[in-house]
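K.L.:
Listed below are the residues making up each chain.
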Amino acid sequence: AQTVTQSQPEMSVQEAETVTLSCTYDTSESDYYLFWYKQPPSRQMILVIRQEAYKQQNATENRFSVNFQKAAKSFSLKISDSQLGDAAMYFCAYRSGNQFYFGTGTSLTVIP
Amino acid sequence: DGGITQSPKYLFRKEGQNVTLSCEQNLNHDAMYWYRQDPGQGLRLIYYSQIVNDFQKGDIAEGYSVSREKKESFPLTVTSAQKNPTAFYLCASSRVTTYNEQFFGPGTRLTVL
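Those sequence lines, one after another, are chains A and B.
So for the first sequence, my numbering puts the first residue at 7; every next one is plus one.
So for the second sequence, my numbering puts the first residue at 6; every next one is plus one.
Pulled out of the complex, with its shape left as it was, chain A reads as follows (with noise of 0.2 Å):
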């Protein structure tokens, strides 16, 4: 089975800085598709980033970047220019047919 795992409960940052949050998977497919998802004090789920498992190339959404590193199996995402509207949970998923496993989230905290 899957697992994905998000090693930091935990980050916070200060207002216009950059962030990464970690992010592990255990899978023995060969492609796959990668997910962050931010789930502010509102608690909807919202789409931050996707990264398809074939493609070298990092995805990048504005501010938001990913470090793919396929052979190692981690998939952290960068936060720059960080501001207040970021603090949120994060959450890292892979998908795998049509079922979704999540990490356990980081919480993000900004700093004014």
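Worth flagging that the hints you see were computed from the coordinates, not collected in a lab.
Beta carbons are placed, not taken as given, at the ideal position from N, Cα and C, and that holds for glycine.
Check before you lean on any hint, since a few could be wrong.
[Stated by the list, open to error] Pairs of lysine to any residue, SDA-like flavour, derived with a Cα cap of 25 Å:
#	chain 1	residue 1	chain 2	residue 2
1	B	LYS62	A	THR33
2	A	LYS61	A	THR26
3	A	LYS79	A	THR9
4	A	LYS79	B	ASN105
5	B	LYS62	A	LYS61
[Claimed, not checked] Derived CB-CB ranges, DEER-like:
#	chain 1	residue 1	chain 2	residue 2	range
6	A	THR66	B	VAL57	34 to 40 Å
7	B	THR91	A	THR11	22 to 28 Å
8	B	TYR15	A	PRO15	22 to 28 Å
9	A	PRO118	B	THR82	40 to 46 Å
10	A	ARG69	B	LYS19	45 to 51 Å
11	B	ARG100	A	GLU16	31 to 37 Å
12	A	ASP87	B	GLY21	51 to 57 Å
13	A	THR11	B	SER27	39 to 45 Å
Following the hints, put chain B in place on chain A, whose structure we already have.
P.N.:
Structure of chain B alone, referenced to chain A:
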């Protein structure tokens, strides 16, 4: 606007009662899911359905039941057999193509009194 609706937002239940959580989507997605979210445990899959009239158990299906009579609807019943039902419940849907993400509803907070 397309999306997923869950109702009610907050639900209170007495011990020993069954309760049904609603989930409706107008995204024309084939797959639908129910997750339970507890502090420090991320999202745990209760049930999922890839097509009408078919569904599969997830990791924590005991004490829960579902139906999928229409593509748009995937209600979850929390039965009295569920030992610790107080939690936040999230419904999600997705296309069956593997590059697509899940879309989530706003969630239902269930509290057993």
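K.L.:
Each hint needs a verdict: does it hold in this structure or not?
P.N.:
Each hint tested on the structure:
1. Note on B/LYS62 and A/THR33: the hinted pairing holds, with a Cα-Cα distance of about 21 Å set against a maximum of 25 Å.
2. Pair hint A/LYS61 plus A/THR26 holds up; C-alpha atoms about 21 Å apart against a cutoff of 25 Å.
3. At most 25 Å may separate the alpha-carbon atoms for a hinted pair to count; A/LYS79 and A/THR9 meet this at roughly 11 Å.
4. Pair hint A/LYS79 plus B/ASN105 holds up; C-alpha atoms about 20 Å apart against a cutoff of 25 Å.
5. Using a Cα cut-off of 25 Å, the hinted pair B/LYS62 and A/LYS61 is violated, with the two alpha carbons roughly 32 Å apart.
6. Hint check: A/THR66 to B/VAL57, Cβ distance near 38 Å, so the stated range 34 to 40 Å holds.
7. Between B/THR91 and A/THR11 the beta carbons are some 26 Å apart, a value that agrees with the proposed interval 22 to 28 Å.
8. Under the hint 22 to 28 Å, the C-beta atoms of B/TYR15 and A/PRO15, about 27 Å apart, fit the expected range.
9. For the pair A/PRO118 and B/THR82, the supplied restraint of 40 to 46 Å holds, since their beta-carbon distance comes to about 45 Å.
10. About 47 Å separates the C-beta atoms of A/ARG69 and B/LYS19, a value consistent with the hinted range of 45 to 51 Å.
11. About 34 Å separates the C-beta atoms of B/ARG100 and A/GLU16, a value consistent with the hinted range of 31 to 37 Å.
12. Look at A/ASP87 against B/GLY21: about 52 Å separates their beta carbons, and that is inside 51 to 57 Å.
13. Restraint check, A/THR11 to B/SER27: a C-beta distance of roughly 33 Å breaks the suggested window 39 to 45 Å.
Comparing the model with each numbered hint stated earlier shows that hints 5 and 13 do not hold.
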